[in-house]
Amino acid sequence: MFSHTCPIFLHNYIIIMAKITYVTHDNQVHTVEVQNGLTVMEGAVQNDIPGIDADCGGGMACATCHVYVKDDWFDKVTPKEDGEEDMLDMAFEPKKNSRLSCQIIISDELDGLTVNIPSKQS
Amino acid sequence: MNKTDALIIGAGPTGLFTAHQLKLIGLNCEIVDNLDKIGGQCIELYPDKPIYDIPAVPECTGGELTNNLINQIKPFNIKFHLSERVDEVKKEGDNWIVKTNNGTTFQTPNVIIAGGVGSFEPRKFPVKECEKLENKSVLYSIKDKSIFKGKTVTIFGGGDSALDWAVELSKNSKVNLVHRREDFRGAQATVDKVHELAKDGKINLYTKYQMSSIKGDDQLESIDIKNDDKETKTLNSDYALGFFGLIMQLGPIANWGLNIDKKTIEVDTEKFETNQKGIYAVGDICSYPGKLKLILSGFHEGALAARACFKLARPNEKYRFEFTTSSKTIKDRLGVKGD
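For the record, the sequence lines run as chains A and B.
Per numbering that gives the first Met the number 0: the first sequence = residues 0 to 121.
Per numbering that gives the first Met the number 0: the second sequence = residues 0 to 338.
FYI, nobody ran anything at the bench for these hints, they're computed from the structure.
The model shown is predicted, which means the values in this text are computed figures rather than measured ones.
Treat the hints with caution; some may be incorrect.
As the list claims (entries may be wrong) - The calculated lysine-lysine pairs, modelled on BS3-like cross-linking and capped at a C-alpha distance of 30 Å, are: (1) B:Lys225 x A:Lys119; (2) A:Lys94 x B:Lys198; (3) B:Lys127 x A:Lys95; (4) B:Lys229 x A:Lys94; (5) B:Lys262 x A:Lys18; (6) B:Lys327 x A:Lys94; (7) B:Lys290 x A:Lys18; (8) B:Lys290 x A:Lys95; (9) A:Lys119 x B:Lys36; (10) A:Lys79 x B:Lys207; (11) B:Lys261 x A:Lys119; (12) A:Lys119 x B:Lys292; (13) B:Lys290 x A:Lys69; (14) B:Lys198 x B:Lys144; (15) B:Lys229 x A:Lys75; (16) A:Lys79 x B:Lys261; (17) A:Lys119 x B:Lys262; (18) B:Lys292 x A:Lys18; (19) B:Lys198 x A:Lys119; (20) A:Lys69 x B:Lys201; (21) A:Lys95 x B:Lys36; (22) A:Lys79 x B:Lys123.
Here chain A stands alone, though its shape is the one from the complex (with noise of 0.2 Å):
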């Protein structure tokens, strides 16, 4: 069951953790360890990833967390909910694949997402 995860005991409860990686636009490559029910900003924002700045702290208001998801991935990640396309609209070069990270919650079935941050969050 926990094949693709790297379960982390503590206090008696199994929390569990996806593998994230996030590329900034000058290609460094950040691969951190997220854990499942967090949002793809959380997990951003918590491990000091350069270029994603959640200025409103997820709360789809900003568009300053915007991401690239990777084609393979786009289709598997929580979709769009009503108001992100908006935002996307005001986002910093938005491309197909475009998403706002806060909007992407973490789960066992996104162990191993890649997304790639934009130059400029504005």
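On the provided structure of chain A, position chain B as indicated by the hints.
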């Protein structure tokens, strides 16, 4: 020079309630905000979105919360300086001298930064060449629409500002409207109007396109737009208008000698004072161990910072804690009748 006991930077919910607390304990204050309206993020980002975690208010929108806070400070006649950004904060004796971009100056012992994530600025085109033509033929807001008469104007964006200006300017100008996808997020009636004008040839509509480059040295000549399939079109244009909403920038706050980490200002949790005596930070912009970015936390932080201001504004008086339910002095300040 405006002299005041405390100057609040930011007219969001935290700034407004901090003003309430200052006036309640007998200090005067003025508020500066870069936006042209009161309410900060509540009014700019989510005026119609419901908020569910304001204590004792089961549900209210950002707009309603702002109106309630404005009503709460009505008895105090607080002076607002809107559409002004604080650019400079300098120490002079026991006071801070604060200057705005409009040249307004303040002398005050207390500066309370309630600036959210900074000031709202327009989002700009990603194309670097746009910088040198900014405010000339590349614009992010319109002050005088008569300059577009008889000209070719290329508008970018899919919200109400882009659509409203496309409709308005199509009366006297040649208008291109460029948007990154087929759906527009503006009001349906305006979207319908745009499609109607496009059908009649009054607006040239380019959906699924974005700006890829511009040409022109002192004056814009043409704009290249590109779609996801890398097809490029060249649009001859006199003006490029970008309406991508506003973004928060920390801006000049970064230059005031404060300890800043990840765009937030470090404070203590007794006075919410920064590393500079007499400068406080409250609300989303402050950080301390355990900080929660909630509106309710901003109210608490503002209440404590206001008490801290008393000491510097009235060095020879002693602050006495009083309840609004029982204090005659407070009731007089609020203009309500005592028991």
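>> Let me make sure I understand: some of the numbered hints might not hold for this structure. Which ones are they, in numerical order?
In response: 6, 8, 13, 19, 20, 21
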